[in-house]
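Chemist: Go ahead and model the full structure; you've got the sequences and the hints to work with.
Mapping of the sequence shown onto the working numbering: residues 1 to 335, in sequence order.
The hints are simulated quantities; they were obtained by calculation from the structure and are not laboratory data. Do not take every clue at face value.
Unchecked claim - Derived pair list, reagent style DSS-like, types lysine-lysine, alpha-carbon separation capped at 25 Å: (1) Lys294 to Lys274; (2) Lys30 to Lys46; (3) Lys46 to Lys62; (4) Lys144 to Lys42; (5) Lys274 to Lys241; (6) Lys64 to Lys42; (7) Lys144 to Lys294; (8) Lys42 to Lys62; (9) Lys30 to Lys42; (10) Lys34 to Lys46; (11) Lys46 to Lys64.
What the hints assert, rightly or not - Computed spacing ranges between beta-carbons, pair by pair: (12) Glu281 to Arg25: 41 to 47 Å; (13) Glu172 to Ser17: 20 to 26 Å; (14) Gln186 to Asn5: 20 to 26 Å; (15) Met157 to Glu33: 20 to 26 Å; (16) Ala243 to Pro272: 36 to 42 Å; (17) Ala10 to Leu270: 36 to 42 Å; (18) Glu162 to Val249: 42 to 48 Å; (19) Pro272 to Glu162: 43 to 49 Å; (20) Pro160 to Leu270: 54 to 60 Å; (21) Glu91 to Arg128: 36 to 42 Å; (22) Pro160 to Pro278: 35 to 41 Å.
Model, not experiment: these values are computed from the prediction. Just so you know, even glycine gets a beta-carbon here, dropped at the ideal spot from N, CA and C.
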Amino acid sequence: MLSQNNAQGAFDMGGFSEFLPGHQRMDDPKAREKFEEAWGRKIPAKPGFTYGEMFDRILEGKIKALYILGEDPFITLPNLERLRTGIRHLEFLVVQDQFMPHIGSYANVVLPGASFAEKDGTFTSMERRIQRVREAICPVADSKPDWKILCDLSTRMGYPMEYGGPSEVMAEISSLVPLYANADYQNLEKAGIQWPLANGRKRRFFPIEYREPIEQQNEEYPLWILPRGFHYHYGIGTTNKRAKGLAKVFPETALEINPDDAQRVGVNDLDPVKVISPRGEVETICRISQALPKGIAYFATQFFPIAINNLLIPERDPVSGTPEYRVCIGRIERR
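Modeler: As C-alpha coordinates, this is what we get:
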(Lines of atoms letter the chains of each structure in order from A and count residues from 1; the text may use other names and numbers.)
(Lines give C-alpha, C1' and ligand atoms only; values in the text may rest on other atoms or scores of the structure.)
Protein backbone atom coordinates (compact mmCIF):
# COMPACT_ATOMS: atom_id res chain seq x y z
CA MET A 1 0.00 0.00 0.00
CA LEU A 2 1.61 3.24 -1.16
CA SER A 3 1.04 6.26 1.05
CA GLN A 4 1.99 9.29 -1.05
CA ASN A 5 -0.12 10.63 -3.91
CA ASN A 6 2.59 10.10 -6.54
CA ALA A 7 4.70 7.30 -5.06
CA GLN A 8 3.58 5.00 -7.87
CA GLY A 9 4.46 7.67 -10.41
CA ALA A 10 7.97 8.00 -8.97
CA PHE A 11 8.48 4.24 -9.23
CA ASP A 12 7.10 4.24 -12.78
CA MET A 13 9.66 6.86 -13.78
CA GLY A 14 12.70 4.94 -12.54
CA GLY A 15 12.61 5.64 -8.81
CA PHE A 16 14.03 2.19 -8.10
CA SER A 17 17.79 1.85 -8.36
CA GLU A 18 17.61 -1.20 -10.66
CA PHE A 19 14.99 0.08 -13.11
CA LEU A 20 14.73 2.53 -15.96
CA PRO A 21 11.40 4.34 -16.50
CA GLY A 22 8.51 1.97 -17.04
CA HIS A 23 10.02 -0.73 -14.79
CA GLN A 24 12.40 -1.67 -17.62
CA ARG A 25 15.44 -3.35 -16.16
CA MET A 26 18.85 -1.73 -16.43
CA ASP A 27 20.43 -5.11 -17.22
CA ASP A 28 18.19 -5.47 -20.30
CA PRO A 29 20.35 -4.47 -23.32
CA LYS A 30 17.31 -3.66 -25.49
CA ALA A 31 15.85 -1.34 -22.85
CA ARG A 32 19.17 0.44 -22.39
CA GLU A 33 19.65 0.80 -26.14
CA LYS A 34 16.26 2.49 -26.49
CA PHE A 35 16.99 5.08 -23.80
CA GLU A 36 20.57 5.61 -24.98
CA GLU A 37 19.31 6.46 -28.44
CA ALA A 38 16.75 8.91 -27.04
CA TRP A 39 19.09 10.57 -24.54
CA GLY A 40 22.39 10.38 -26.40
CA ARG A 41 24.29 8.96 -23.44
CA LYS A 42 25.50 5.51 -22.35
CA ILE A 43 23.52 3.97 -19.50
CA PRO A 44 25.27 1.64 -17.03
CA ALA A 45 24.04 -1.95 -16.98
CA LYS A 46 24.74 -2.23 -13.26
CA PRO A 47 21.97 -1.02 -10.92
CA GLY A 48 22.64 1.95 -8.68
CA PHE A 49 22.59 2.04 -4.88
CA THR A 50 19.42 1.82 -2.81
CA TYR A 51 18.46 4.63 -0.44
CA GLY A 52 20.18 3.06 2.55
CA GLU A 53 23.19 1.85 0.55
CA MET A 54 23.96 5.42 -0.47
CA PHE A 55 24.86 6.29 3.11
CA ASP A 56 27.01 3.16 3.37
CA ARG A 57 28.96 4.33 0.31
CA ILE A 58 29.21 7.88 1.69
CA LEU A 59 30.83 6.59 4.88
CA GLU A 60 33.19 4.48 2.74
CA GLY A 61 34.20 7.62 0.83
CA LYS A 62 32.76 6.33 -2.47
CA ILE A 63 30.07 9.02 -2.76
CA LYS A 64 31.29 12.61 -2.48
CA ALA A 65 28.15 14.57 -3.35
CA LEU A 66 24.42 14.08 -2.83
CA TYR A 67 21.35 15.69 -4.41
CA ILE A 68 18.23 15.25 -2.24
CA LEU A 69 14.90 16.12 -3.86
CA GLY A 70 11.73 16.14 -1.75
CA GLU A 71 13.06 13.85 0.98
CA ASP A 72 14.53 14.11 4.48
CA PRO A 73 16.73 11.15 5.52
CA PHE A 74 16.86 12.54 9.07
CA ILE A 75 13.20 11.49 9.34
CA THR A 76 12.97 8.45 7.08
CA LEU A 77 16.13 6.41 7.78
CA PRO A 78 17.28 4.74 11.02
CA ASN A 79 20.22 5.87 13.17
CA LEU A 80 20.28 9.66 13.12
CA GLU A 81 23.86 10.00 14.38
CA ARG A 82 25.15 7.72 11.63
CA LEU A 83 23.29 9.81 9.07
CA ARG A 84 24.79 13.02 10.44
CA THR A 85 28.25 11.50 10.28
CA GLY A 86 27.63 10.52 6.66
CA ILE A 87 26.40 13.99 5.71
CA ARG A 88 29.52 15.54 7.24
CA HIS A 89 31.63 13.24 5.03
CA LEU A 90 30.15 14.76 1.88
CA GLU A 91 32.02 17.38 -0.08
CA PHE A 92 28.83 18.84 -1.55
CA LEU A 93 25.13 18.56 -0.63
CA VAL A 94 22.19 19.94 -2.61
CA VAL A 95 18.69 19.96 -1.12
CA GLN A 96 15.61 20.74 -3.22
CA ASP A 97 12.23 21.06 -1.52
CA GLN A 98 9.23 23.34 -1.16
CA PHE A 99 10.04 23.94 2.53
CA MET A 100 13.38 23.66 4.29
CA PRO A 101 13.78 20.07 5.55
CA HIS A 102 15.85 19.31 8.65
CA ILE A 103 18.76 18.02 6.58
CA GLY A 104 18.77 21.36 4.76
CA SER A 105 20.86 22.93 7.53
CA TYR A 106 23.80 20.82 6.24
CA ALA A 107 23.30 21.77 2.57
CA ASN A 108 25.76 23.76 0.48
CA VAL A 109 22.93 24.75 -1.85
CA VAL A 110 19.17 24.85 -1.23
CA LEU A 111 16.87 25.02 -4.27
CA PRO A 112 13.24 26.10 -3.65
CA GLY A 113 10.80 23.77 -5.40
CA ALA A 114 7.16 24.54 -6.11
CA SER A 115 4.20 22.85 -4.43
CA PHE A 116 1.56 20.76 -6.20
CA ALA A 117 -0.64 23.86 -6.47
CA GLU A 118 2.07 25.80 -8.31
CA LYS A 119 2.82 23.44 -11.19
CA ASP A 120 1.39 21.37 -14.01
CA GLY A 121 2.06 17.68 -14.38
CA THR A 122 0.60 14.31 -13.45
CA PHE A 123 0.22 12.12 -10.39
CA THR A 124 -0.06 8.33 -10.69
CA SER A 125 -2.12 6.88 -7.85
CA MET A 126 -1.76 3.59 -6.01
CA GLU A 127 -4.24 2.00 -8.44
CA ARG A 128 -1.90 3.03 -11.31
CA ARG A 129 -4.22 5.79 -12.51
CA ILE A 130 -2.41 8.63 -14.28
CA GLN A 131 -4.16 11.94 -13.56
CA ARG A 132 -3.50 15.55 -14.50
CA VAL A 133 -2.32 18.12 -11.98
CA ARG A 134 -2.94 21.76 -12.91
CA GLU A 135 -1.28 24.94 -11.72
CA ALA A 136 -3.67 26.90 -9.50
CA ILE A 137 -1.33 29.77 -8.56
CA CYS A 138 2.00 31.02 -9.86
CA PRO A 139 5.10 29.72 -8.04
CA VAL A 140 5.77 31.83 -4.94
CA ALA A 141 8.92 33.98 -4.70
CA ASP A 142 11.95 32.20 -6.24
CA SER A 143 10.46 28.71 -6.30
CA LYS A 144 10.23 26.73 -9.54
CA PRO A 145 8.66 23.40 -10.53
CA ASP A 146 11.08 20.52 -10.03
CA TRP A 147 11.24 19.70 -13.75
CA LYS A 148 12.27 23.28 -14.53
CA ILE A 149 15.04 23.29 -11.90
CA LEU A 150 16.44 20.00 -13.20
CA CYS A 151 16.32 21.17 -16.81
CA ASP A 152 18.08 24.45 -15.97
CA LEU A 153 20.81 22.63 -14.04
CA SER A 154 21.31 20.03 -16.76
CA THR A 155 21.62 22.70 -19.44
CA ARG A 156 24.20 24.62 -17.40
CA MET A 157 26.18 21.41 -16.92
CA GLY A 158 26.46 20.84 -20.66
CA TYR A 159 23.49 18.57 -21.39
CA PRO A 160 20.65 20.75 -22.72
CA MET A 161 17.16 19.72 -21.62
CA GLU A 162 15.09 22.31 -23.44
CA TYR A 163 11.56 21.06 -22.82
CA GLY A 164 8.88 23.69 -23.39
CA GLY A 165 6.77 22.38 -20.53
CA PRO A 166 5.44 19.28 -18.76
CA SER A 167 3.42 18.24 -21.82
CA GLU A 168 6.65 17.78 -23.80
CA VAL A 169 8.15 15.74 -20.97
CA MET A 170 5.03 13.55 -21.00
CA ALA A 171 5.27 13.12 -24.76
CA GLU A 172 8.79 11.72 -24.34
CA ILE A 173 7.61 9.43 -21.56
CA SER A 174 4.82 8.13 -23.80
CA SER A 175 7.35 7.34 -26.54
CA LEU A 176 9.74 5.41 -24.26
CA VAL A 177 7.50 3.79 -21.64
CA PRO A 178 5.00 1.24 -23.00
CA LEU A 179 2.88 1.46 -19.84
CA TYR A 180 2.34 5.17 -20.55
CA ALA A 181 1.95 4.83 -24.33
CA ASN A 182 -1.45 6.56 -24.46
CA ALA A 183 -0.89 8.95 -21.56
CA ASP A 184 -0.38 12.15 -23.53
CA TYR A 185 -1.96 15.36 -22.26
CA GLN A 186 -4.69 15.29 -24.91
CA ASN A 187 -6.00 11.96 -23.60
CA LEU A 188 -5.45 12.90 -19.96
CA GLU A 189 -7.55 16.07 -20.29
CA LYS A 190 -10.70 13.95 -20.51
CA ALA A 191 -10.08 11.60 -17.59
CA GLY A 192 -7.37 9.65 -15.85
CA ILE A 193 -5.83 6.66 -17.61
CA GLN A 194 -5.09 3.46 -15.73
CA TRP A 195 -2.22 1.27 -16.83
CA PRO A 196 -1.86 -1.38 -18.06
CA LEU A 197 -4.64 -1.13 -20.61
CA ALA A 198 -6.84 -4.22 -20.71
CA ASN A 199 -5.67 -6.74 -23.32
CA GLY A 200 -7.65 -9.82 -22.32
CA ARG A 201 -4.73 -11.49 -20.56
CA LYS A 202 -4.66 -12.41 -16.90
CA ARG A 203 -2.37 -10.58 -14.51
CA ARG A 204 0.10 -12.58 -12.47
CA PHE A 205 0.47 -12.23 -8.72
CA PHE A 206 3.57 -13.39 -6.90
CA PRO A 207 3.32 -14.85 -3.37
CA ILE A 208 5.61 -13.33 -0.76
CA GLU A 209 7.32 -15.63 1.69
CA TYR A 210 6.65 -14.82 5.34
CA ARG A 211 9.70 -13.90 7.40
CA GLU A 212 9.84 -13.70 11.16
CA PRO A 213 10.45 -10.23 12.62
CA ILE A 214 14.10 -9.43 13.26
CA GLU A 215 13.27 -8.81 16.92
CA GLN A 216 10.79 -10.41 19.33
CA GLN A 217 9.20 -8.97 22.46
CA ASN A 218 10.87 -10.08 25.66
CA GLU A 219 10.90 -9.30 29.37
CA GLU A 220 13.25 -6.34 28.96
CA TYR A 221 11.44 -4.92 25.93
CA PRO A 222 7.75 -5.97 26.23
CA LEU A 223 6.26 -3.52 23.70
CA TRP A 224 5.97 -3.43 19.94
CA ILE A 225 6.68 0.18 18.98
CA LEU A 226 5.13 1.16 15.66
CA PRO A 227 6.39 4.39 14.09
CA ARG A 228 3.62 5.89 12.00
CA GLY A 229 2.25 9.00 10.39
CA PHE A 230 -0.75 10.31 12.32
CA HIS A 231 -3.72 11.42 10.24
CA TYR A 232 -3.12 14.96 11.54
CA HIS A 233 0.49 14.94 10.33
CA TYR A 234 0.94 12.51 7.47
CA GLY A 235 4.22 11.71 5.75
CA ILE A 236 7.47 13.23 7.02
CA GLY A 237 5.88 16.53 8.05
CA THR A 238 7.80 18.92 5.79
CA THR A 239 4.56 20.61 4.72
CA ASN A 240 1.75 19.65 7.10
CA LYS A 241 3.52 20.69 10.31
CA ARG A 242 3.28 24.25 8.97
CA ALA A 243 -0.54 24.12 8.88
CA LYS A 244 -1.76 26.17 11.85
CA GLY A 245 -5.01 24.25 12.18
CA LEU A 246 -3.27 20.87 12.35
CA ALA A 247 -0.73 22.23 14.81
CA LYS A 248 -3.53 23.27 17.17
CA VAL A 249 -5.10 19.81 17.08
CA PHE A 250 -1.82 17.89 17.37
CA PRO A 251 1.02 20.25 18.35
CA GLU A 252 3.63 17.68 19.41
CA THR A 253 4.52 14.04 19.19
CA ALA A 254 3.45 11.50 21.77
CA LEU A 255 3.67 7.79 22.48
CA GLU A 256 0.20 6.22 22.40
CA ILE A 257 -0.18 3.16 24.63
CA ASN A 258 -2.88 0.87 25.95
CA PRO A 259 -4.28 1.63 29.47
CA ASP A 260 -2.98 -1.71 30.81
CA ASP A 261 0.56 -0.93 29.64
CA ALA A 262 0.32 2.54 31.17
CA GLN A 263 -0.84 1.11 34.49
CA ARG A 264 1.95 -1.45 34.51
CA VAL A 265 4.55 1.29 34.14
CA GLY A 266 2.73 3.72 36.43
CA VAL A 267 2.12 6.58 33.98
CA ASN A 268 -0.94 8.71 33.32
CA ASP A 269 -2.13 10.57 30.25
CA LEU A 270 0.30 13.35 29.19
CA ASP A 271 3.00 12.21 31.65
CA PRO A 272 6.59 12.63 30.42
CA VAL A 273 8.13 9.27 29.52
CA LYS A 274 11.34 7.80 28.17
CA VAL A 275 11.04 5.36 25.25
CA ILE A 276 13.89 2.84 25.10
CA SER A 277 14.85 0.26 22.47
CA PRO A 278 18.00 -1.91 22.15
CA ARG A 279 19.55 0.90 20.07
CA GLY A 280 18.74 4.10 21.92
CA GLU A 281 16.20 6.19 23.76
CA VAL A 282 14.08 9.32 23.26
CA GLU A 283 11.91 11.45 25.54
CA THR A 284 8.30 12.40 24.85
CA ILE A 285 4.87 12.43 26.50
CA CYS A 286 2.42 9.57 26.94
CA ARG A 287 -1.11 9.44 25.54
CA ILE A 288 -3.36 6.64 26.73
CA SER A 289 -5.63 5.16 24.07
CA GLN A 290 -8.34 2.53 24.33
CA ALA A 291 -7.95 1.95 20.59
CA LEU A 292 -4.61 0.18 20.99
CA PRO A 293 -4.27 -3.48 22.01
CA LYS A 294 -2.05 -4.37 24.93
CA GLY A 295 1.61 -4.58 24.02
CA ILE A 296 1.37 -2.14 21.10
CA ALA A 297 2.58 1.48 21.14
CA TYR A 298 2.26 4.10 18.40
CA PHE A 299 4.80 6.88 17.94
CA ALA A 300 4.49 9.79 15.48
CA THR A 301 7.59 10.08 13.33
CA GLN A 302 7.49 13.66 12.08
CA PHE A 303 8.42 15.71 15.14
CA PHE A 304 12.15 16.22 14.73
CA PRO A 305 14.40 16.69 16.75
CA ILE A 306 12.67 13.93 18.76
CA ALA A 307 14.52 11.34 16.71
CA ILE A 308 12.44 8.20 16.83
CA ASN A 309 14.73 6.77 14.14
CA ASN A 310 17.37 6.32 16.87
CA LEU A 311 15.13 3.53 18.20
CA LEU A 312 14.70 1.70 14.91
CA ILE A 313 16.30 -1.38 13.41
CA PRO A 314 19.05 -0.58 10.87
CA GLU A 315 18.91 -3.99 9.13
CA ARG A 316 17.34 -3.99 5.66
CA ASP A 317 14.94 -6.18 3.77
CA PRO A 318 17.01 -8.62 1.67
CA VAL A 319 14.83 -8.10 -1.42
CA SER A 320 14.02 -4.37 -1.48
CA GLY A 321 16.87 -3.01 0.64
CA THR A 322 14.32 -1.07 2.69
CA PRO A 323 15.24 -0.54 6.36
CA GLU A 324 13.05 -2.24 8.96
CA TYR A 325 11.52 1.00 10.22
CA ARG A 326 7.90 -0.13 10.64
CA VAL A 327 8.33 -1.85 13.99
CA CYS A 328 10.81 -2.42 16.81
CA ILE A 329 10.73 -3.68 20.37
CA GLY A 330 10.97 -1.32 23.32
CA ARG A 331 9.85 -0.29 26.77
CA ILE A 332 8.76 2.91 28.47
CA GLU A 333 9.89 4.43 31.74
CA ARG A 334 8.49 7.35 33.67
CA ARG A 335 10.68 10.46 33.59
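Chemist: Does each hint fit the structure? Answer for all of them.
Modeler: Going down the list of hints, with the structure as the test:
no.	hint	verdict
1	Lys294 to Lys274	holds (18 Å)
2	Lys30 to Lys46	holds (14 Å)
3	Lys46 to Lys62	holds (16 Å)
4	Lys144 to Lys42	violated (29 Å)
5	Lys274 to Lys241	holds (23 Å)
6	Lys64 to Lys42	holds (22 Å)
7	Lys144 to Lys294	violated (48 Å)
8	Lys42 to Lys62	holds (21 Å)
9	Lys30 to Lys42	holds (13 Å)
10	Lys34 to Lys46	holds (16 Å)
11	Lys46 to Lys64	holds (19 Å)
12	Glu281 to Arg25: 41 to 47 Å	holds (43 Å)
13	Glu172 to Ser17: 20 to 26 Å	holds (22 Å)
14	Gln186 to Asn5: 20 to 26 Å	holds (23 Å)
15	Met157 to Glu33: 20 to 26 Å	holds (24 Å)
16	Ala243 to Pro272: 36 to 42 Å	violated (26 Å)
17	Ala10 to Leu270: 36 to 42 Å	holds (39 Å)
18	Glu162 to Val249: 42 to 48 Å	holds (46 Å)
19	Pro272 to Glu162: 43 to 49 Å	violated (57 Å)
20	Pro160 to Leu270: 54 to 60 Å	holds (58 Å)
21	Glu91 to Arg128: 36 to 42 Å	holds (39 Å)
22	Pro160 to Pro278: 35 to 41 Å	violated (52 Å)
Violation of the numbered hints given earlier is confined to hints 4, 7, 16, 19, 22; the remaining hints are satisfied by the structure.
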